[in-house]
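Colleague: So the chains spell out like this:
Number of protein chains: 4
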Amino acid sequence: MQTLNMLLETALDDSLVIAGRRFTSRLMTGTGKYRTFEEMRQSIAASECEIVTVAVRRVQTQAPGHEGLADALDWSKIWMLPNTAGCQTADEAIRVARLGREMAKLLGQEDNNFVKLEVIPDAKYLLPDPIGTLEAAEQLVKEGFAVLPYINADPILAKRLEEAGCATVMPLGSPIGSGQGIKNAANIQIIIENATIPVVVDAGIGTPSEAAQAMEMGADALLINTAIAQAANAPAMARAMHLAHQAGRLAYQSGRIPVKAYASASSPLTGTITS
Amino acid sequence: MQTLNMLLETALDDSLVIAGRRFTSRLMTGTGKYRTFEEMRQSIAASECEIVTVAVRRVQTQAPGHEGLADALDWSKIWMLPNTAGCQTADEAIRVARLGREMAKLLGQEDNNFVKLEVIPDAKYLLPDPIGTLEAAEQLVKEGFAVLPYINADPILAKRLEEAGCATVMPLGSPIGSGQGIKNAANIQIIIENATIPVVVDAGIGTPSEAAQAMEMGADALLINTAIAQAANAPAMARAMHLAHQAGRLAYQSGRIPVKAYASASSPLTGTITS
Amino acid sequence: MQTLNMLLETALDDSLVIAGRRFTSRLMTGTGKYRTFEEMRQSIAASECEIVTVAVRRVQTQAPGHEGLADALDWSKIWMLPNTAGCQTADEAIRVARLGREMAKLLGQEDNNFVKLEVIPDAKYLLPDPIGTLEAAEQLVKEGFAVLPYINADPILAKRLEEAGCATVMPLGSPIGSGQGIKNAANIQIIIENATIPVVVDAGIGTPSEAAQAMEMGADALLINTAIAQAANAPAMARAMHLAHQAGRLAYQSGRIPVKAYASASSPLTGTITS
Amino acid sequence: MQTLNMLLETALDDSLVIAGRRFTSRLMTGTGKYRTFEEMRQSIAASECEIVTVAVRRVQTQAPGHEGLADALDWSKIWMLPNTAGCQTADEAIRVARLGREMAKLLGQEDNNFVKLEVIPDAKYLLPDPIGTLEAAEQLVKEGFAVLPYINADPILAKRLEEAGCATVMPLGSPIGSGQGIKNAANIQIIIENATIPVVVDAGIGTPSEAAQAMEMGADALLINTAIAQAANAPAMARAMHLAHQAGRLAYQSGRIPVKAYASASSPLTGTITS
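For the protein sequence lines, the chains are A, B, C and D, in the order given. Residues in the first sequence are numbered from 1 upward in steps of one, following our numbering. Residues in the second sequence are numbered from 1 upward in steps of one, following our numbering. Residues in the third sequence are numbered from 1 upward in steps of one, following our numbering. Residues in the fourth sequence are numbered from 1 upward in steps of one, following our numbering.
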C-alpha cells in the first residue's frame, strides 16, 4: 500500500510538459483586469503559477494597465506566454505572435517560442474562429513556435490542431470572463480522451469547484484570469484556485468512487443493539 | 489592501465552533469502509480532520472492521463524534446516543457530549425520518447532548431543530455513499441562509469539486467518508478533499466574480496593432 | 405491433385516480395571480384541466381577485380542490379545510371531500412544515377528507403521509412561483419509486420542458399555477403546459432510449460510395 | 386580450421557412434504425413530420433496412432531405449530395435541392469536421443546393456557414444517438441569438422534455431520429415528440415567467381566518 510519503513523492513527480518544457504547477494565469500591479503580484505569488499570459498588443500599445507591465513581474521566475488577444484574423495573429517572441527575448527569455493563439472575430462573446485559428497555427508551427491555440470545445478541430503540430489545445469552458463554469463538459471530455498533447481548459471558470471539476475530468492544466483578478479579494481567490486545481489533479489520480443510484451505508447495519 | 500575510492570518482565525468547542479544520470524516486500519490512519492524517465519527453500535457489537477501532486511533488528538447509525426509531437513537457518551468517556474524552443523530427507517436510501429525528433531538438536548442531526435538506425542519437547541444541522447532499454530489443545492442554500448554527453538509459528496462547491455555497463544514475510504487511493483522496474544502472556504470569503451572460475580455481590445 | 389507433385508445384509458375519483387530465392548475377572470377562464379552458385549486381563505375574505371567483368558473365541469394557503399551523389548516368542504358543497359539489393541505410557517420561501403537515393530515383523514398534502421532497415524510391515509403526496420541485424547475429531482424520483398513491409535482415548474421532465420521471400529475397565470400570454402557455404534460406522460409509457456515452449512427456506415 | 381562437390562428401562421419553402411542422425525423417499415410509417405519421432525412449512401448501396425505402414512404406528402452520412471528407460529401439530388428527382421531387451536409471523419463520436464542412458547403451553395450543415455547436462556424449562403445551421445537442440531451445549450443559445437563418437542433435529444427545452430556447426546428426509432414504442414516442416540440414553440412565443430566487405565493396571504 502506498504510504503518505510515497504519495507526496509521486505528486512531486507529476509535472506538466509543454513543448518539451517542464512545469510543476498546472495552473496558469494572466495579467489583465487587476486593480493594481501590487495586487497582481500578490495574486500570482499566491497562485504559485509558473506560466503567465500577456496580451502582446496591449504591452505594445502601452494600453491602460500595461505600462510598465514588463517591469512589474520577475521574468526570471515566471515563464511568459504571449497571447494574440485583439486579433481578428489569422494574419493579424501571426504578426502579433512574432512580436510576442521579440518581447519574450527582450525580457531575457531567449528560448521562449510559446504563443497563446487567439483569433477572435467576435466582440460580444469573444469566441474564436476555428478556420482562422487552424490557418494561423499551421503557419506558426512552420515558423518554429510552440502554439497553444484557444478554441471552442470542438473535438475534431482539436484533433486537427494536434495533427498540425500544436503544443496543446486550449478549449474554453464558457465565454471569457463570464464565470459560467464548464458549460462544454461533454465535448471537453471527448477532447481529453483523444488528445496526446496537453489539454488546457481556458476561459469561463469562475470558482474553485469548477477548477477542480476540470482537473477531475483529466484536463492537464487550467488558465484562469478574470475569476482571480476580479474577485473581491484577488490574492485569496488565487490561493483558492491553486488549492482547488491541486485537489482536482490529486482526485483524478486517486480513483473516485463510482456514482450509485442508491445509498450505501458508511456504517453497515450488521450490528444489533445490546443495551 | 490586504497582503498575503494578512490573508494567511485571517485564515488561521477562521475556526469552526460547535457547541462552544473550537476546531481548525472544517472537514470531518468517519471510520467506516476502509480496507485496513493502516489506510484509515493515513487517510485521516492526510485529511487533517479533527472530528471523526464512529458508529456506536458497530463498536459495541464488535462488527467486522470495528474490533480494535477504539485503539486504532489516537483519541487524544481526534475528537470523537459518536453516531447512531443503525437506529430506526427515536427510542433506539436515544439509547445509542447514551452509549456513545459512555464510549467517549472510556476513551478519555470526559467532556464529550457530541452525538451525530441518525434515525433511519429506510434500508435502501438510508434517508432519515424527520419526525423521529426531531423527537430524539428534543430529548437528547434535554439530557445535555450537543446534537448534530442528520437530515434531509428540509429548511423548515432545519429551523425547528435549531429552535430545539441542536448544535448543528447536517443536511444530506444526496444518499449516503452514492457519490451523486450536491443534489439538493437549492434547499441547502436556503438552510444556510437561515441558520444561526453551523450547517454541515453530510453524505453524497463524491469528489473534491463537490466538496468545494458546498463550501462556496457557505456551508460551515463537511462530513465525507465513503468518497475517501473507497477511493482507489484513499489517503491521496483524503488529501484532495482537505485541499478542496479549504479552497471552497477561501473562495466563499474572497467574493467570487458574478456570472455574466456574455464574455468580458481579459485583455480589453483598446490597443491597435503597430507592427 | 401496436397501431396508432391502439395507442390512442390506450391513452384514453390512462386516467388518473385520486381517492376513487377518475380524471382524464393529469394537469391541475389554480386561480391565483391571473390578471383578469377572463384570462383565467381562457387559460383553464386551454389547459384542459379538470382540477382547479382555490385558496379558501381568500374566497372567505373576498381578497382582491377573489370576489366573485365562485361565480367565475363553471363548477359543474371543474372539480374544486380547496387549499389551505395562508395557514401557518396544523390547527389553522384543519379549520380552513373544514371551511373548504362547506364551500365545495355550496357550489354544488356535495361529495367533494378533497383538500390540498398546506401548512406554511415561512413567508419568504413558502416552504411547508413537515411536522405540522403530518399532524393536520392525520386529523383530516380521520374526519373523512381526501388529503393532498403539499410537502418538501422528503421520501420518508411522503411514506409516512401515505401510511397516514393521504390520497396523494404533492412534493415541490422548487419554491412556489420561483420558476426554478425541478430542483429536487433525485428525491422526487425516490418518492415516485416508493409511492402507492399518486405523486403530484407541485410548485416550481416554469416551462413546458420542466413539466414534461416531471412526467417522464413518472410523476402521476402536476399542479402548475404561476407559470401559466403570469406568462405574457397566459392562455397560450396553458396550452403549452397541456401539450407538454401529455408528451411527458406518453414518453414515460413509451420507453425512452438509454443514454449512451458515445454516438450511435442513425445511418450506420455499412454502405460504400459508388458514384 | 388575445382570445383562444386568435391564439390558434397565430399558431397556424407560424410556419418554418427554409430556402423559401414553407413547412407547418418544426419537427424533422429520419428513416434509420426502425425495426420495420411499418413501424417507421406509423411513427412518421404520429410525428406529423413533413421533412424526413434519408442517407443517400445507404439507399444507393441497398444497405440493410434501406432496400425498398424509396417505395416505403409517400414522397408526394413528405419532403425528402437527402443526407451525406458516411462521408469523411468534403469531396465525398459533395459527390453524395449530387447523388441525393438525383434521388429526389427520381422520386418526383423535381425542385428539391436540399441536402443535409454531414462531413464526419470520426467513427466513435460521429462529430463533424468544421473545416471540411465549410469547404463542402461553399461548393454546394455554388452548385445551387439548399445546404443544411450538421455542425458542432460553434457560434463562429455557424456564422461563417450563414455567410457562405447555407439555408440553415444544424448544431448538435450531444453526439448522435447518445440521448444525452442538450449538452451544448450555452453555445446553441448564442447561435440562435446571432442567426438570421433557421437553427435546427440536430442529434442528442432523447426525451420530449429535451425537445421542448430546445424549442423554448428559440430553436426554429428539431431533427430527432434515434430517440423515436429506438424507443420501446416508437409511434407513441413520435407522438410525444410532436406534442413536446409544439409545447416548446408555444412557450417560446408566450413569454415565460422569470426565474426567481425566492418564492412568490400563488395565493397571497392577505386574507385572515374568520371561522
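Wrong hints could be hidden among the right ones.
One copy or two, it doesn't matter: identical chains are merged, so the pair holds either way.
[Unchecked claim] Derived lysine-lysine pairs resembling DSSO-like cross-links, with alpha carbons at most 27 Å apart:
no., residue 1, residue 2
1, Lys33, Lys142
2, Lys260, Lys77
3, Lys260, Lys159
4, Lys105, Lys159
5, Lys105, Lys77
6, Lys260, Lys124
7, Lys33, Lys124
8, Lys142, Lys124
9, Lys260, Lys33
10, Lys77, Lys159
11, Lys105, Lys33
12, Lys33, Lys159
Keep in mind the hints are simulated off the structure, nothing from the lab.
Colleague: Checked against the structure, which of the hints given earlier come out wrong?
Modeller: 1, 2, 4, 8, 10, 12
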